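Q: Here is what each chain is made of, one letter per residue.
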Amino acid sequence: MSVLQTKGLTKRYAGLTAVDGVDLTVETGEIHALIGPNGAGKSTLVGMVAGRTEPTSGEVWFKGENVTRLPAHARIRRGMAYTFQITSIYNQLSLLGNLELALRDSDPAKARAALDRVGLADRAEQLAGDLAYGHQRLLEIAMGVAQDPTLLILDEPTQGLAESEIAEFNALIASLAGDTTILLIEHNMNVVMELAHRITVLETGAVLASGAPAEIKANPEVQEAYLGHADA
Amino acid sequence: MTRSIALHLGLIAALVAAGLMLPAYHQGNLARILVLATYAMGYNVLFGYTGLLSLGHAMFFGAGMYGLGLAMQHGGVPALPAFGIGLAAAAALSAIVAMLALRTIGVAFMIVTLMFAQSAYLTVLYFGEWTRGDEGFVLQQATRQIAGLDLTNPLIRYYAALTVFTAALVITARMMQVRFGHTLIAIRENEERTRMLGYNTQAHKFAALVISGTLAGAAGASYALLFGYVGATFTSVQYSIFPLLWVLLGGAGTTIGPFIGTLFMFYLIDTTSGFTNAYLMIVGLVLVLLTLFARAGIMGEVRKRFAPWLP
Amino acid sequence: MEFGPHLLLATLEGAVGAAVLALTALGLSLVFGVMRVVNVAHGEFYMLGAVLAWVVATAVGGHPALGFVAALLIAPVVAAIIAAIADLTVLKRVDYDPEATIVATIGLLYIMQQAALMWYGPEARAVEPPFNHRLAIPWFEWGENGFEMYYPWGLSTTSYKLFVIAAALLILAGFLALMTKTKIGLVMRATQLDRDTATTFGIPVERVYALVFGLGAGLAALAAVLIVPITQAHYLMGHDPLLLSFIVVIISGLGSVRGTLVAALLIGMSDGIISVFFSPTLAKILATLLVALVLVFRPQGLYGKKPA
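Chains as they are written, first to last, in the numbering used here: chain A, 1 to 232; chain B, 1 to 311; chain C, 1 to 308.
Simulated from the structure, these hints should not be mistaken for laboratory data.
Everything numeric in this text was worked out from a predicted model, so none of it was measured.
Each residue gets a CB set at the ideal place from its N, CA and C atoms; glycine is no exception.
Possibly wrong hints are sitting among the right ones.
Derived DEER-like restraints, expressed as beta-carbon distance ranges [said to hold, decoys possible]:
no., chain 1, residue 1, chain 2, residue 2, range
1, B, Leu9, A, Thr56, 55 to 65 Å
2, C, Ile85, A, Ala206, 51 to 61 Å
3, A, Gly211, C, Arg258, 47 to 57 Å
4, A, Gln85, B, Leu268, 20 to 30 Å
5, B, Ala95, A, Pro71, 13 to 23 Å
6, B, Ala142, C, Ile85, 50 to 60 Å
7, A, Pro71, C, Asp97, 44 to 54 Å
Next up, chain A with everything else stripped away, as it sits in the complex (with noise of 0.2 Å):
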């Protein structure tokens, strides 16, 4: 079973198409890979599904629920979690207090088993702004593994972060495969490659392919458009 659909998901601005007819499935438990040049609309598409973005026509739906009409909170209320491509946590907040607030519980011990996962437990009561920013990251990372949603949406998750930290990042998510369904937007193809199930290439708003890893590392027209550019 599918766990989100859209059908011919599109989004106009002033004369522009963002998004044009996506259709995407996403099932039960895979990690699900979106790639694709700058500008191809990934992160208007995953807007979108998230309820941030009101789209022009199409239809979400998750867990067999027409979600299209319903914002953003009742959304995430339903098991999707969202982290941004820019980092945003709460800087005036302690680590615990971001991950009660994600939590939607103030019980300290479920908060600090949370951080302890991407291990950052010994710094729980420190503001989140203070953090480094490879830790702000895994911390926004975890606001949204620890609400243990049905669907977590990562939207560039490994942007900025050194070699070592991806290396902890893979892992943590590698780790929840299996329970928790994943979209990933990426631009490391080595992270891309090394946890996805699934891919699914945008371009100019639009599906080019969609497939295994093989199948999109083989696929001539994907090269053509974008594996072949320097910023794959």
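On the provided structure of chain A, position chains B and C as indicated by the hints.
A: Okay, now just chains B and C, sitting in the frame of chain A:
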């Protein structure tokens, strides 16, 4: 948590004692300060905790004041139910304003609240036949009593003001201990993040504005009832700026900051107006100096330097 | 007076108001457009212009025209310098944070207003116009004896009022030329488009901001010098122009010059016309509510395009 309870109990105990010990002049001042601080606490719910800067809270203060005042003056309603009418008027007005103004954010929110308050002020002037406009009207002494207590008696008046103040303090302090208050702070710190963690931020902002406006209305109704005067000045722009000033000075987002700010500002203006008619200069100077040097205000600086536990 | 002549009179009064409002609102719009901050003290620079006009005109003495010309040259410059100093000492230091700027300019509003009260006093004082001829206006009508021309009683204006309209138009033309034809105008527009890019291209953004803030205040002061021979200088006179300028800038969509002029004409004229025929308070209530609703439902203004 216990330190915080001790702080609040200590403050209230000190104020109870002050009522008996202060000379008449300062007792009268403090009664006024307590009512105005209630107004500031209401403002703080929206500005200090939720992060929404309103430039129009005088309309809520005025709704409480005129709700009570007009009901007593023209409707012959006794004081206690009139107080209820004042509260209801403020709650209803803040709900309407919330529905419209919360569609905007940032600077637009400030201007929209300013514009609504300006319309409310002009409306008071327009219906001068009943409101007597800028001149205002005086509530009959004989009607100003609740359950046989004569609210014109200075001592009773002081404790009535303290009761209203305490109620508002307990409400806001308690609110900040529960999830609802934490969510407001989360909205202030990062609204989009909060929304994407599954919180209905719009509903929380709505509730915060209605609570804030109703507390401001409670202060307005109390002011009219305890000091017997209702006038359009209290709905003017100046009375929208005052709570902002008090809260900024005392410390936005702290429970007792609004009281500290109101207390300081009241005596600062009281002293200054003794030797110049341009005493509002002080308001301007304090506003500029606060934005330049102490954005956190008095209690905010105390929290930063000495007492991070301060609620 | 009959309806027709009455309307013409109201229109003339409205045009004077609109001309002055256009200058004032343009100042506010310029500051918002380039610096992205709202100057709540804008009305006080208007007040400052009027008060300075009185001070200068009184000091100069002699023929009213001498004092007026001196005021026209000195008052806006002084207001602009004070504004530039305020920008450098206050706004720059809060890093033009929108909310902090509003709070700080509210503070400046009180400081300037109360300073005027301390040094200038609570009186309203008039400045004599440089010239002031009463001009009767003819009215044409198709009557019993065919086409008639007559001078209805009360239908008149003054040469000075016509001068205000003409002067305002001249200043507006000059301002537009400054913005589009000169290097400094180009620099301001570049800063408006993108502060960071402007910095990379070596534009001294901080000095541009001080200049823009000064220019905005100067426009308000200039408008006040023009109007003060018709109204009077008073320390509380900044309130209405501020509110009206807000209305204009909101209606026109924040920061657009052409929209500002159209909206100023609309608001200034309707303010003049409405207050001749209706209760001014009711008109103001409705206008204020309407503007608030515009900001709620069409934040890009009535003329602006919806941002993508």
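Q: Now, for every hint given, state plainly whether the structure supports it.
A: Hint check results:
1. Checking the proposed 55 to 65 Å range against Leu9(B) and Thr56(A) shows it holds: the Cβ atoms sit about 57 Å from each other.
2. Between Ile85(C) and Ala206(A) the beta carbons are some 56 Å apart, a value that agrees with the proposed interval 51 to 61 Å.
3. The beta-carbon spacing between Gly211(A) and Arg258(C), approximately 53 Å, falls within the hinted interval of 47 to 57 Å.
4. Gln85(A) and Leu268(B) have their C-beta atoms about 48 Å apart, which leaves the hinted 20 to 30 Å range violated.
5. Between Ala95(B) and Pro71(A) the CB atoms are about 20 Å apart, so this pair conforms to the stated range of 13 to 23 Å.
6. For the pair Ala142(B) and Ile85(C), the supplied restraint of 50 to 60 Å holds, since their beta-carbon distance comes to about 56 Å.
7. Between Pro71(A) and Asp97(C) the CB atoms are about 30 Å apart, so this pair departs from the stated range of 44 to 54 Å.
Checked against the numbered hints given earlier, this structure breaks hints 4 and 7; the rest are met.
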